[in-house]
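Chains as they are written, first to last, in my numbering: chain A, 233 to 531; chain B, 68 to 851.
Keep in mind that the hints were calculated from the coordinates and are not lab data. Since the structure is predicted, the reported quantities are computational estimates derived from the model, not experimental observations. Any given hint could be a false lead.
As the list claims (entries may be wrong) - Selected chain A positions facing chain B (in silico; Cβ < 10 Å): (1) R237; (2) R430; (3) V437; (4) V438; (5) L504; (6) S507; (7) R516; (8) M518; (9) R521.
Note that beta-carbon positions come from the ideal geometry of N, C-alpha and C, so glycine has one too.
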Amino acid sequence: MKPARFAYTAPDTVEGTLDALDRFGDEAKVLSGGQSLVPMMNFRLARPEVIVDIGRVGGLDGMSAANGTLTVGARVIHARLEVPAVTTPDGRREPLGGVLGSLLPEVARFVGHLPIRVRGTFGGSIAHADPAAEWCILARTLDAEMVALRRGGERAIPAADFFETVFTTALAPEELLVAVRLPILGDDWRAGFCEFSRRAGDFAVVAGMTAVRLEPATGAIAEARVGVGGVAGVPVRLGGAEATLVGETPGAELHAAAAETAAGEVDPVGDLHGSAAYRRDLVRAMVARALAQGAGASG
Amino acid sequence: MSWVGRSIRRVEDPALLCGAGTFVGDIGGAASARFVRSPVASGLVRAVRGPAYTIADLDADEVGNIEAVLHRPDYVRLAQPLLARERVRYVGEPVAVVVGATAAEAEDLAEQVELDIEPLPAAVGLEAALAPGAPLVHPSESESNVMVAGEMATPGLAEALEGAHAIVELEITSGRQAALPLEARGSHAVTERFGGRTTLHASIQAPHMIRTVICDLLGMPEADLRVVAPDVGGAFGQKLPLAREDAVVVWLSRRLGRPVAWIEDRSENLMASWHSREQRYRLRAGFDASAHLEALQADVAANVGAWPCYPITWGVEPLMALAELPGPYTLEHYGVRSRGVASHTCPMSPYRGVSRPVITLALERLMDIAAARLGVDPVEIRRRNLQSDFPHTSPTGLRHDEGTYREAMEQAVSHVDLGAFRARQHAARAAGGPQPGIGICTFSERTGYGTPAFAARAMGVTPGYENVELSMDPSGYVTLRIGASPHGQGLETALSQIVADEVGTDPGRVRVVASDTDRTPYGWGSFASRAMVLAGGATYLAAQKLASQLGSLAAEVLEAAADDIVLADGRATVAGTSVGVEVAELARIAHHHTQRLPAGATPGLSAQAGYDPAGTFSNACHVAEVDVDPDTGGVSMRRFVVVEDAGRLINPMIADGQIRGGVAQGIANALLEEVVYDDDGNILTTSLMDYLPPTVAEIPDIEILHLETVSDATVTGAKGLGEGGTIGAPAAVLNAVNDALAHLGVELNEMPATPERVRAAVRAAAGRSPAGENDRSTQEAPVR
Ligand SMILES: Cc1cc2nc3c(=O)[nH]c(=O)nc-3n(C[C@H](O)[C@H](O)[C@H](O)COP(=O)(O)OP(=O)(O)OC[C@H]3O[C@@H](n4cnc5c(N)ncnc54)[C@H](O)[C@@H]3O)c2cc1C
Chain A
233 MKPARFAYTA PDTVEGTLDA LDRFGDEAKV LSGGQSLVPM MNFRLARPEV
283 IVDIGRVGGL DGMSAANGTL TVGARVIHAR LEVPAVTTPD GRREPLGGVL
333 GSLLPEVARF VGHLPIRVRG TFGGSIAHAD PAAEWCILAR TLDAEMVALR
383 RGGERAIPAA DFFETVFTTA LAPEELLVAV RLPILGDDWR AGFCEFSRRA
433 GDFAVVAGMT AVRLEPATGA IAEARVGVGG VAGVPVRLGG AEATLVGETP
483 GAELHAAAAE TAAGEVDPVG DLHGSAAYRR DLVRAMVARA LAQGAGASG
Chain B
68 MSWVGRSIRR VEDPALLCGA GTFVGDIGGA ASARFVRSPV ASGLVRAVRG
118 PAYTIADLDA DEVGNIEAVL HRPDYVRLAQ PLLARERVRY VGEPVAVVVG
168 ATAAEAEDLA EQVELDIEPL PAAVGLEAAL APGAPLVHPS ESESNVMVAG
218 EMATPGLAEA LEGAHAIVEL EITSGRQAAL PLEARGSHAV TERFGGRTTL
268 HASIQAPHMI RTVICDLLGM PEADLRVVAP DVGGAFGQKL PLAREDAVVV
318 WLSRRLGRPV AWIEDRSENL MASWHSREQR YRLRAGFDAS AHLEALQADV
368 AANVGAWPCY PITWGVEPLM ALAELPGPYT LEHYGVRSRG VASHTCPMSP
418 YRGVSRPVIT LALERLMDIA AARLGVDPVE IRRRNLQSDF PHTSPTGLRH
468 DEGTYREAME QAVSHVDLGA FRARQHAARA AGGPQPGIGI CTFSERTGYG
518 TPAFAARAMG VTPGYENVEL SMDPSGYVTL RIGASPHGQG LETALSQIVA
568 DEVGTDPGRV RVVASDTDRT PYGWGSFASR AMVLAGGATY LAAQKLASQL
618 GSLAAEVLEA AADDIVLADG RATVAGTSVG VEVAELARIA HHHTQRLPAG
668 ATPGLSAQAG YDPAGTFSNA CHVAEVDVDP DTGGVSMRRF VVVEDAGRLI
718 NPMIADGQIR GGVAQGIANA LLEEVVYDDD GNILTTSLMD YLPPTVAEIP
768 DIEILHLETV SDATVTGAKG LGEGGTIGAP AAVLNAVNDA LAHLGVELNE
818 MPATPERVRA AVRAAAGRSP AGENDRSTQE APVR
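Just need the whole structure built from these sequences, with the hints factored in.
Structure, rendered in structure tokens:
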């Protein structure tokens, strides 16, 4: 339960961080809130030779909104998403509106416990890439973009490409995740999130998120996103369930049908906390409930 | 005014709450020992390479083997080495030990040790270990994995079953659990450079007994080992048996001539400390037409792991089940076979409640199932079967003193308002969604085990009595030295209340010294539900002796008759007068003016007493209310009610704390906590992400009501209650889960009732195929 030996550096700037990452390559690990990395080091499941602590780097903990997109700095702690607020170009802070503004708090409260939510960071969760992490499911479901910097370059990685497998992302060892871009979702969207965990604050056994855009004229579903975590090495989108929803009018029967499709199209691997069959049952329940929650929120 | 019966604040708490406690890990100044543990469940050790000490080093020093013995013909005797010799028998078994300057360095060193082990087939679960041809855990000593087997039957059992109006059959199983003290185990040994005396600080429950066994193993006189249990962060039975590691730490400190400490980490604790309660009961019960339980036949098997524990042995779970299964009911005919089955898994120790949580689960599920079968209400079937004539002698010869089995149940049921609950349940069944359920559990808790109770077990050593020494110093303060070893229970506070009443002082003027073999009389420590009965009884008797010494002295000083002296509020007064003297002044006289003592009186003020009763039964009724989500199998606790009768309550707040903690552990056992091995014997639950104790969010408020039947079985009138919460809660919760889903035809008799098991039971009841085909349960229940 004590980490193997490591060297430690704590740069003050993004540039300094990128230099360190460049120098040490895959011997280095970024330390953000430490809520995943430190336990893994204590178990000696992670043995980085160099820790690059970004706790002193300024400018990574902002939240801003522009052109229908919310940009969340990598070092924004989970707790701030329980009451999401953005800084306007003229430096004022105002509550985040839109469907995303009400969805984020719904999701944030499921992330660990309060002491974890005030230390752990949004970017840390995304970079850690636990397949049941709420923020990873959200990023995948809403097609977020991850902004990565390396010495002399920046790129935006779509969620579909970012999560590769368990605890593995498209980030190169030299890259620093600096921000995540999320669609704010206009008033024509309905979003819901539901998860089942063994105890309060545990990682989800299965969690489901849904977001549907309604045709203003007909009330029919024009666009649908169904994402689940806890059934594969990465959070997954369920195209079958999405197709079931598109073109139809929301309602208990449609939700049940989409949930049934969802349960049928996942191919979970069983483990200690749930067999494949059980996880499939949970997918059905979580998707149905997330859809119902989204529909309820509209009324 | 009496101090006994008042909820005074615990003297133990300020230091603990301010982070000023001293646990083994706080002592410091020692090198760190780290154990290199077997990565396989079964295998032959070919070689150990690297910077480690092994059994060869212990052998060279002629260190002995642990012999945990029951003197029974059906018991397999073994000699257990302190580190694995030739064979490893479970994942986590200590094979070698390294010593580093820091814990991190010791972990680095441990990584360098190479274990060359030839893996062998392992017997992991109960069925696997019992199967014909199963790999044997101790092939040289036994031809099967059955290590202890008890059997008994009352005459007429077979006829009674044959003639029964209804037979109810039932199999219940309990998953393997870990006691999970907040502080894991640990030890710290320092050997004096001259004279060679060793002081061991260890996180343990029974310092004197541990001193004896370590000295026996290392061949040293007990006078040369001081054992201290400093603050102990929970134990629950897991710190009662000898930890092999603690003995090795003493050996290391003597061999290396430097202080050595071992602080167990959470993974080690979950993997290689003691487990408990992996049991299976098959019951066949005969009821008459009016739902009286007449005859019960049971087959009990307990998976007791790879080694016995010293001194309780691995007989403790199966043999307790054998003796105590009839519980609080009046059945006449009883037959049982109960076996302890070795397997390639972590050994077992007693855990709060020992077998009784499972015994109670078996009986209370039986009562509910029989009630449904016979068309009787669950309350009514218990009413008809609970003991009400006392003393009651059970079919296994246990004598139950007076209790309030029925009264406790009636009070619990009226407190929860069963009628209102049923109305709410009816509405929820119609509406779908989460389903409310209620579960009742009535049980007895055998407490205050003294020597007679332990002697019946025929252990290699017989625990039992408790001794105390009480003295008053010249300032009039009282020091109480006890052989019991409290570790968080609040015993110091409660004993000071008993002393205060007898010698007419304030509990604030009483100091309790415990848990240090240099400073306390030999005793058995704190385990089972016995400290208040045993140490409390001995304290009461010693305090009476001290009071009588003070009375004689006051009589002399006040020139009155000793019988007329009243001790109260720090004064000795002649009854009916205002003539008196301060107790503190008497204390001065007894030490500093002994010329004023009666001729022949011993100078000073001190008394000692021992106490060793036969034992007594507490009783309680637990009622659990749950909500069960049929779609996910998730169970949430809504309400928990306890009506407890533990005789006279010395400090009701402390009693309530014991009940609350126990109930929380019982709920954890019922729903969450389970040690899981794969088929090869790899343990899968080695962190708190996988072994799931409840958080405060999973435990409801626990409502507690008391009955106080003062028993003549103990001198203080107090009965034990330390284990009751843990004993009753699992059955109450499982009965509630079953009640919630009864309309779906669910029967679930396995704990923990994990969401997956509950969901599987819902599916099984629906008779539908698994994994998404034609399952309509989601559609039936409106989504939230
Ligand atoms: C008891 C407990 C319960 C928890 N429950 C939940 C839960 O229910 N849901 C949940 O989602 N999480 C849970 N967590 C994890 C928690 O949310 C972590 O905060 C999160 O996973 C990681 O964020 P962090 O800032 O702590 O990152 P760290 O632990 O510091 O880092 C995690 C990983 O991300 C990398 N990394 C971090 N920041 C960057 C960056 N900017 N660029 C590149 N790489 C980076 C690190 O190198 C490391 O590999 C729990 C944790 C604990 C201890």
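Here is how each hint holds up against the structure:
Because the beta carbon of R237/A sits about 8 Å from the nearest beta carbon in chain B, less than 10 Å, this interface hint is met. For R430/A, the shortest C-beta to C-beta distance to chain B is roughly 5 Å, which falls under 10 Å, so the interface hint holds. A cut of 10 Å between beta carbons decides the hint on V437/A: the least distance to chain B is about 8 Å, and the hint holds. The closest approach between the C-beta of V438/A and any C-beta of chain B is roughly 9 Å, which is under the 10 Å cut-off, so the hint is satisfied.
Given the 10 Å rule on beta carbons, the hint for L504/A holds: about 5 Å separates it from the nearest Cβ of chain B. Taken as an interface hint, S507/A checks out: its beta carbon lies about 6 Å from the nearest beta carbon of chain B, inside 10 Å. A distance limit of 10 Å between C-beta atoms decides the matter here; for R516/A the minimum to chain B is near 5 Å, and the interface restraint holds. Hint status for M518/A: holds, given a least beta-carbon distance of 8 Å to chain B, under 10 Å.
The restraint placing R521/A at the interface with chain B holds, with a minimum CB-CB distance near 5 Å, inside the 10 Å limit.
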